[in-house]
Amino acid sequence: MASISPAFSLWTSRMLSVLRITAGFLFMQHGMQKLFNFPAGGHSAELFSMMGLAGVLEFVGGLLLIFGLFTRPVAFILSGLMAVAYFMAHAPQGPLPIVNQGELAVLYCFIFLFLAVAGAGDWSLDAWRQRLAARR
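Heads up: the sequence shown runs through residues 1 to 136, numbered per our numbering.
Rather than coming from a laboratory, the hints here were simulated on the basis of the structure.
Treat the hints with care, since some could be wrong.
To be verified - Just the calculated beta-carbon pair ranges, DEER-fashion:
| # | residue 1 | residue 2 | range |
| --- | --- | --- | --- |
| 1 | Arg-136 | Pro-92 | 49 to 57 Å |
| 2 | Arg-72 | Ser-9 | 14 to 22 Å |
| 3 | Arg-135 | Ser-44 | 41 to 49 Å |
| 4 | Phe-48 | Leu-132 | 35 to 43 Å |
A quick note: this is a predicted structure, and the numbers were derived from the prediction, not measured.
C-beta atoms are modelled at their ideal positions from N, C-alpha and C, and glycine is treated no differently.
With the hints as constraints, model all of the structure from the sequences given.
Listed below in structure tokens is the structure:
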């Protein structure tokens with residue numbers, strides 16, 4: 001079992017990066033729908049509204065997560081955004097996420113909370129900046 005461990009530890013940080021990139025890409029699309037009505041079928045929001053602010057945070061935050069730039073603070077803010085979204089929009093409709101259609105908000109909330117604690121992973125601008133600073 002000990003011989004398998006180095007392979008797992010090598011891929012742990014890489015898969016953390018894959019999780020971050022995938023979550024950021026999917027989350028960014030929610031912001032694109034709110035801000036640009038793209039992809040079609042979205043619901044545009046006025047920029048200076050609560051939905052507009054959510055759209056900006058989703059789009060910019062998702063983009064920053066894709067590149068792994070400022071991952072910890074961005075993920076923490078997005079986790080809070082999803083907690084607020086759940087309790088404002090979903091929780092009043094029923095007690096359980098499966099009933100109130102809040103599963104995605106809960107899942108994003110905890111993925112982002114995990115990224116805020118775990119960091120960006122190897123494949124990120126944050127890791128590149130750390131390697132650059134260590135060389136100096």
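Looking at the structure, which of the earlier hints fail to hold?
none
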